[in-house]
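Sequences listed follow chains A and B, in order. Those letters in the first sequence? Residues 4 to 210, per this note's numbering, in order. Those letters in the second sequence? Residues 12 to 300, per this note's numbering, in order.
Accuracy of the hints is not assured; some may be wrong.
[To be verified] Here are the simulated lysine-lysine pairs, DSS-like style, with alpha carbons at most 27 Å apart:
(1) B:Lys112 - A:Lys202
(2) B:Lys45 - A:Lys181
(3) B:Lys256 - A:Lys178
(4) A:Lys206 - A:Lys82
(5) A:Lys178 - B:Lys45
(6) B:Lys103 - A:Lys196
(7) B:Lys112 - A:Lys41
(8) A:Lys33 - B:Lys107
For the record, the hints were derived by calculation from the structure and aren't laboratory data.
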Amino acid sequence: MEQVVGPKYQSKGSAGKDYDPSFAREVYEKVDSGAELKMCMQCGVCAGSCPLRDKMDYSPRKIFALIRAGKREKVLKSKAIMLCTSCYSCIVRCPRKVPVMDIMHGLAHYALSLGYKPRAETALFGEKFWGNIYRLGRVDEKDVALRYFLGHKLSDAVLLMLENKNMGLGMLRYKRMKVLPERPLKNIKSFRKMLDKAKAMGKGGAA
Amino acid sequence: MNYFLYQGCSLEASGVHYLVSLKAVAKVLGLSLKEIEDWNCCGASISYVGGNELSVDVLAARNLALAEAQGGMDIIAPCSSCYVVLNKVNRKFQEKPELLKEVNEVLAEGNLQYSGKIRVRHLLDVLYHDVGLDKIRSAVKRPLQGVAVAGYVGCQSVRPYGEYDSAEKPVIQDRILEAIGATAVPFPTKMRCCGSGLFLTELDYCYELIRTILSDALNNGGKIISTVCPMCQMNLEAYQDRMNKALGTDFKVPILFLTQLMAVAFGLSRKEAALDRLMISADPYLKAA
Numbered sequence: 004m005e006q007v008v009g010p011k012y013q014s015k016g017s018a019g020k021d022y023d024p025s026f027a028r029e030v031y032e033k034v035d036s037g038a039e040l041k042m043c044m045q046c047g048v049c050a051g052s053c054p055l056r057d058k059m060d061y062s063p064r065k066i067f068a069l070i071r072a073g074k075r076e077k078v079l080k081s082k083a084i085m086l087c088t089s090c091y092s093c094i095v096r097c098p099r100k101v102p103v104m105d106i107m108h109g110l111a112h113y114a115l116s117l118g119y120k121p122r123a124e125t126a127l128f129g130e131k132f133w134g135n136i137y138r139l140g141r142v143d144e145k146d147v148a149l150r151y152f153l154g155h156k157l158s159d160a161v162l163l164m165l166e167n168k169n170m171g172l173g174m175l176r177y178k179r180m181k182v183l184p185e186r187p188l189k190n191i192k193s194f195r196k197m198l199d200k201a202k203a204m205g206k207g208g209a210a
Numbered sequence: 012m013n014y015f016l017y018q019g020c021s022l023e024a025s026g027v028h029y030l031v032s033l034k035a036v037a038k039v040l041g042l043s044l045k046e047i048e049d050w051n052c053c054g055a056s057i058s059y060v061g062g063n064e065l066s067v068d069v070l071a072a073r074n075l076a077l078a079e080a081q082g083g084m085d086i087i088a089p090c091s092s093c094y095v096v097l098n099k100v101n102r103k104f105q106e107k108p109e110l111l112k113e114v115n116e117v118l119a120e121g122n123l124q125y126s127g128k129i130r131v132r133h134l135l136d137v138l139y140h141d142v143g144l145d146k147i148r149s150a151v152k153r154p155l156q157g158v159a160v161a162g163y164v165g166c167q168s169v170r171p172y173g174e175y176d177s178a179e180k181p182v183i184q185d186r187i188l189e190a191i192g193a194t195a196v197p198f199p200t201k202m203r204c205c206g207s208g209l210f211l212t213e214l215d216y217c218y219e220l221i222r223t224i225l226s227d228a229l230n231n232g233g234k235i236i237s238t239v240c241p242m243c244q245m246n247l248e249a250y251q252d253r254m255n256k257a258l259g260t261d262f263k264v265p266i267l268f269l270t271q272l273m274a275v276a277f278g279l280s281r282k283e284a285a286l287d288r289l290m291i292s293a294d295p296y297l298k299a300a
């Protein structure tokens, strides 16, 4: 395994003493797109480009620094790794061509697979979204929303449905909602087999 | 001109007015669009929660493989999210043969395979580079004279590569708006993110994002906003009322798909332009035209 930033300098004074390469190695090996992190030079253009940077506990740049510093718990528990809107600004602007967004997605998927819930609401919504894809091959907007609402305890579910009632009624009124349930793909069986195989072959989860 | 149309899930529901107007406009412009048979969801922005990267790649690969088996024409992805995912994954397959090999092992479960040769195009790309402004201009029967439009491109439409227009300061939508007689106002936040798939779960943050976009459009003289992304259209329009209540603002900005404005300019009916599907009516601003 090649050198991660710090340990090389450990013998010279205090610089680098906080660095622990073990988590960085874990990220390279187990997190989707994790190895791309090696190219990061900590310039911070990703942080400056992120539309939700000011809502994050750690910016993408800081997340990468924490990974190199071996702060495993801080990273996997960070609420920032699931606040990505997928706008691609960081990817477009990174001078080292680091796919910052893909790494954030990879970290979020990895954290979820280990049982961390950086953002419970988005995790629940994402789970129902993926559930639709697996079950139908497509996404039925009303079905995902409904399953997301009903994934809460009853009082919260009712509250959420009331909050979103006008939106749903509006979609119906302007004929922008499929009234009938979405039917699965014609080849849904082989489609599911593909997803099962990809899940088994790919990395990105705690096997 | 023959293309596959990868309409995606949104264009069949919340963004159906995009599909209706797009098909009407395509007919006028002589674009023949064929649906990819048995297409599946692209995964959009939030699929990373449930699927690892390879699974998400496979979602795109299956669509590309189907297109290849069904004739191999260029794919038009009118939805920005579909476009960005399909195009990005396609490029990965072209650049990393080992990934393509891996994906083909997975596709074999459905007796499919993919060579990496399909082209994925955004609607804007095809309108500007294949159809051309001259042809669009000549189809105009009712120029949108005096209609001030803020052309909102949204973050995913030209990304990640900026292949057909600048990834930071795109101009194609504005050129098309001008070709149909409208005034494209300057709009510095045309690439700012609307909140995308986080809207349902991170509402408060997303309100701030759309307020910035809406006020920027108005401050620059725009009366309506034009977009080419179903997610942007829904977030900016359907949540505007709730955002007004939450932030104490008073916005009532119609959000139209570019193809709806084109349909109006081409003299097509209200139904073909799907104007009746808008939650915030654009009629007061289009009457002047």
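Hints, one by one, checked against the model:
{"no.": "1", "hint": "B:Lys112 - A:Lys202", "verdict": "16 Å, holds"}
{"no.": "2", "hint": "B:Lys45 - A:Lys181", "verdict": "22 Å, holds"}
{"no.": "3", "hint": "B:Lys256 - A:Lys178", "verdict": "25 Å, holds"}
{"no.": "4", "hint": "A:Lys206 - A:Lys82", "verdict": "22 Å, holds"}
{"no.": "5", "hint": "A:Lys178 - B:Lys45", "verdict": "24 Å, holds"}
{"no.": "6", "hint": "B:Lys103 - A:Lys196", "verdict": "23 Å, holds"}
{"no.": "7", "hint": "B:Lys112 - A:Lys41", "verdict": "25 Å, holds"}
{"no.": "8", "hint": "A:Lys33 - B:Lys107", "verdict": "19 Å, holds"}
The structure agrees with every numbered hint stated previously.
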